[in-house]
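Enquirer: Given next are the chains, with one letter for each unit.
Protein chains: 2
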Amino acid sequence: MTHPLFEQHRATLEGALNAIATRGYWSAYAEMPSPKLYGEHAADAGKRAFEAHLGQRFALEQPGQTGWQGGERSPYGVALEVSYPVCAPEALLAAAQAAMPGWQALGAAGRTGVCLEMLARLNAQSFELAHAVMMTTGQGWMMAFQAGAPHAQDRGLEAVAYAWREQSFIPTRAHWEKPQGKNPALVMEKHFEIVGRGVALVIGCATFPTWNTYPGLFAALATGNPVIIKPHNQAILPAAITVRTLRAVLAEHGLDPNLVSLCVSPSRAATQALARDPAVRSVDFTGGNAFGQWLLQHCPQAQVYAELAGVNNIVIDSTDQYKAMLGNLAFTLSLYSGQMCTTSQAILVPAGGIDTDEGHKRFDDVCADLARAVQRLLGKPEVAHAVLGAIQSADTLARIDQANRGELGQVLLAASALDNPEFPAAQVRTPALLACDAADEALYMEERFGPISFVVKTADTVASLALCERLVSQHGALTVGVYSTREDIIDAATAVTWRGKVALSINLTGGVFVNQSAAFSDYHGTGGNPAANAAYANSAFVANRFCVVQRRRHV
Amino acid sequence: MTHPLFEQHRATLEGALNAIATRGYWSAYAEMPSPKLYGEHAADAGKRAFEAHLGQRFALEQPGQTGWQGGERSPYGVALEVSYPVCAPEALLAAAQAAMPGWQALGAAGRTGVCLEMLARLNAQSFELAHAVMMTTGQGWMMAFQAGAPHAQDRGLEAVAYAWREQSFIPTRAHWEKPQGKNPALVMEKHFEIVGRGVALVIGCATFPTWNTYPGLFAALATGNPVIIKPHNQAILPAAITVRTLRAVLAEHGLDPNLVSLCVSPSRAATQALARDPAVRSVDFTGGNAFGQWLLQHCPQAQVYAELAGVNNIVIDSTDQYKAMLGNLAFTLSLYSGQMCTTSQAILVPAGGIDTDEGHKRFDDVCADLARAVQRLLGKPEVAHAVLGAIQSADTLARIDQANRGELGQVLLAASALDNPEFPAAQVRTPALLACDAADEALYMEERFGPISFVVKTADTVASLALCERLVSQHGALTVGVYSTREDIIDAATAVTWRGKVALSINLTGGVFVNQSAAFSDYHGTGGNPAANAAYANSAFVANRFCVVQRRRHV
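Taken in order, these protein sequences are the chains called A and B. Using full-length UniProt numbering, read the first sequence as starting at 1 and increasing by one per residue. Using full-length UniProt numbering, read the second sequence as starting at 1 and increasing by one per residue.
Everything labelled a hint here was simulated from the structure, so no lab data went into it. For clarity, every value in this text was computed on a predicted model and none was experimentally measured. Treat each hint with caution, since some may be false.
Said to hold, decoys possible - In silico BS3-like links for lysine-lysine, alpha-carbon gap of 27 Å or less:
| # | chain 1 | residue 1 | chain 2 | residue 2 |
| --- | --- | --- | --- | --- |
| 1 | B | 380 | A | 182 |
| 2 | A | 361 | A | 323 |
| 3 | B | 323 | A | 323 |
| 4 | A | 182 | B | 323 |
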């Protein structure tokens with residue numbers, strides 16, 4: 001059983017299926033915001049589409065609407081003043097459940113085709129989405145475009161590809177014929193129906209409202225489930241645009257648009273009540289440990305896919321490209337002011353220093369040189385603003401102040417406030433770089449979200465590796481890096497990351513950064529340490545979102 | 001990367017892979033205990049091998065042994081008097097963890113090959129295992145042979161096939177080359193390592209010590225995990241034989257035998273402490289709701305795959321084969337005295353009766369005719385003993401007495417005790433058949449494990465279907481059956497089982513029974529209702545038992 005949209009987007013799906021099987025470089029959606037790729041007027045049209053939302057009510061025609069809610073505060077200081085429908089959760093749940101049988105009846109190919117169409121439509125809105133992501137999260141423009149639009153779409157497509165692959169293995173029917181010796185065989189006809197688990201709740205975060213939402217959204221949809229998106233209250237607009245587009249695609253193809261809805265939540269308690277509703281059968285969550293652990297403990301009726309806090313770290317043993325190493329690290333620490341779940345927080349350096357192509361560097365040399373590398377990278381204001389973006393939350397600003405006051409360790413480089421001439425009210429901060437001893441665990445052994453990193457003095461590289469393993473196993477991590485000219489150290493780091501179950505980047509000195517993960521090639525998370533109980537994306541991310549219900553009868 | 005054992009058993013694996021893709025009839029291990037299939041002396045040799053265990057200490061050379069424990073009481077009244085090593089759980093856990101890196105290094109193909117060799121060796125021991133299963137569980141001989149040996153091995157192989165399929169999708173390495181316009185491409189080499197989550201605890205049940213243990217055991221092993229089997233204290237011998245064989249296969253191939261161990265547990269508290277150990281990363285459990293729910297709530301460090309209680313049921317609307325229907329149901333209720341997790345407990349019949357090929361049958365007619373069908377089936381003692389086996393537990397005997405006293409509903413057919421001349425001390429009971437009104441929910445709406453079934457009087461078939469859905473959704477079920485000559489009723493039943501997520505058998509009147517599920521074709525459980533949160537077997541049963549840990553570096 002196929003579907004016109006499945007056929008229409010077959011090449012995209014086949015590209016994605018090939019990519020997840022080989023995990024080499026591949027992308028379905030162009031990452032450069034170029035007129036050649038997106039059309040001559042796409043940039044202007046997208047900006048206008050974004051601006052048209054400002055100061056308006058964002059109508060979605062969802063059931064059970066009781067009012068409007070706004071309140072997004074742009075980190076760039078831009079007045080957004082969009083308000084969104086507030087709908088009774090029970091009405092959204094009931095409508096989602098009512099939409100489910102039609103979605104199930106469409107079959108895996110039909111659902112896959114519709115999801116591919118949704119992604120194509122979102123791709124055509126990339127500029128609009130990029131502005132929405134930039135203005136709600138504080139990301140720089142290029143990052144907002146890439147991570148917020150094509151890369152997020154790639155991650156969504158990746159989930160659709162895994163979901164299709166798993167579902168395509170389920171035969172629709174089987175002829176079962178069991179020989180009975182001299183007697184007639186037992187013969188049965190069996191049918192196998194793919195049935196989604198039920199309503200999926202996808203809870204977004206404030207910093208990556210699309211990139212961290214699309215994998216769960218599309219994994220759940222493709223496997224037969226209705227989805228309610230509960231965006232972070234500071235980053236609603238990208239989710240609202242997404243929901244409107246998905247509802248339009250559904251309606252255009254004769255499907256119930258209430259399969260996808262936006263739930264703007266007035267309070268944490270309301271979100272908790274929704275997450276515990278017996279009708280909610282899966283929750284995808286990106287955010288802090290407190291709410292994430294609450295979900296894991298209090299929603300036994302649902303599969304919970306959670307990405308939480310961690311302490312990403314780098315082990316520096318030695319390098320034959322000292323300058324390039326420092327430059328690479330400086331960019332990692334600066335990009336989006338360290339407000340990425342993959343940014344390195346602890347840089348583990350032996351007390352005795354490290355060997356480099358520029359001779360031996362003492363611990364203090366490494367600290368000073370890394371601080372200088374950050375300053376050099378951010379020396380030109382236009383580069384600094386493009387890289388740093390703005391600080392998303394008041395909590396992060398407070399943490400930066402705390403670091404600057406020396407309360408989190410010796411200040412190697414204080415964070416400084418920059419003025420962004422384009423956005424005078426933007427909260428811009430350069431990274432704070434701190435030093436501390438490995439024994440000062442209270443300082444660096446919990447996530448300090450934002451542009452706050454520690455050069456941690458360890459006894460030696462063996463101690464660094466042991467510390468790395470403990471950080472990953474006990475506190476979680478999405479990324480670990482190692483710099484060494486010695487293969488035995490790299491092998492030891494590899495073994496550490498196998499035991500800790502975390503991705504390892506080795507000797508990054510060029511245009512790839514430890515905090516970047518490329519869809520279709522890099523797994524984002526392993527699902528095996530406290531930072532995340534699931535990965536983007538693999539079979540485990542999709543296989544338990546649906547059940548197979550069989551029926552059998554004699555022929 | 002392949003392995004000699006992978007090559008040796010390639011045809012078996014390919015057969016299994018084809019079977020899980022098509023889910024038609026297939027089996028790797030012969031289900032008939034025939035000398036032609038198992039060898040002229042296999043039956044005798046197996047019986048002697050079983051008898052050689054009796055009254056002996058079952059040595060396993062496991063670490064941390066502190067003593068011996070026995071105490072299995074055979075439902076057939078045979079003196080077993082086998083004692084098993086009691087080992088400190090911390091010693092078993094440490095040894096299991098120490099065995100893990102070598103198992104990981106073997107790679108997916110190597111692990112798959114070793115698992116296939118283990119299954120082949122277990123198959124060669126089928127007679128020995130069958131006697132052990134029969135004498136510990138009370139199953140009749142043929143069932144003990146089939147379900148205890150080849151069918152259990154098939155279920156184990158099925159899990160290995162799913163595990164191999166998922167792991168085979170993970171490329172060992174990838175070449176990643178991202179174009180950079182006019183600049184040189186970014187090029188990286190990436191490696192992907194499959195890493196098991198950690199120690200798997202597999203907790204067996206008293207009635208199916210191999211059939212319900214092998215799926216989890218082999219799913220965990222094949223995906224890179226060490227396994228500790230904690231058998232039910234009344235059914236240790238089949239697990240002990242299995243563990244000894246697996247340890248021998250490991251040792252013969254230069255692998256650490258402590259990868260698989262037997263944990264005889266002195267108390268529930270000791271098992272709970274083991275299940276909560278941070279080193280235990282998955283638990284497979286078959287058994288009652290109390291302990292299963294405890295595991296689900298108290299072992300957040302582990303993936304828990306649980307098969308619990310349920311209320312399987314049959315909706316009877318009408319039939320054009322009345323006698324055959326009654327015969328089919330009588331066998332289902334009688335087989336192994338209803339001590340199967342798949343046995344029907346509630347048979348829903350309209351108050352107004354049903355239309356049949358023998359004319360209209362009133363509710364009371366159906367009750368009486370079903371009681372007579374059971375009596376007819378069990379009329380010959382040799383048939384009765386072969387079908388019924390013996391009652392496994394004192395709790396079940398007490399429940400039967402309760403039913404006979406009329407405390408669970410109107411007695412249509414009292415259970416009677418039979419003397420088994422071959423096993424004079426065996427506790428043999430025929431099924432108790434009760435009637436009650438649908439309103440008497442306290443009687444039939446919880447699992448009454450054993451040969452206790454209810455003919456439940458409903459308003460009509462529509463009410464039966466609604467009741468079926470409620471039973472499945474609220475109390476769980478592994479099986480539902482429907483009898484109807486009307487396709488609209490069958491369609492409605494189909495929709496009910498989609499919503500309830502339970503397997504449906506339609507109009508079974510021949511040699512297939514609702515309580516039987518065939519490996520490679522019938523999914524056992526859906527994972528979607530309270531009776532089980534996982535199925536034997538599908539991708540979800542294996543995909544989250546391992547992580548993929550990547551490393552990347554510039555070429």
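Enquirer: Are the hints correct? Go through all of them and say.
Expert: Do the hints match the structure? See the list:
Straight-line distance between C-alpha atoms of residue 380 of chain B and residue 182 of chain A comes to about 25 Å, which keeps the hinted pair within the 27 Å bound. For the hint pairing residue 361 of chain A with residue 323 of chain A, the CA-to-CA distance comes to about 12 Å; that is within 27 Å, so the pair holds. For a cut-off of 27 Å, the pair hint linking residue 323 of chain B to residue 323 of chain A is broken: about 87 Å separates their Cα positions. For a cut-off of 27 Å, the pair hint linking residue 182 of chain A to residue 323 of chain B stands: about 24 Å separates their Cα positions.
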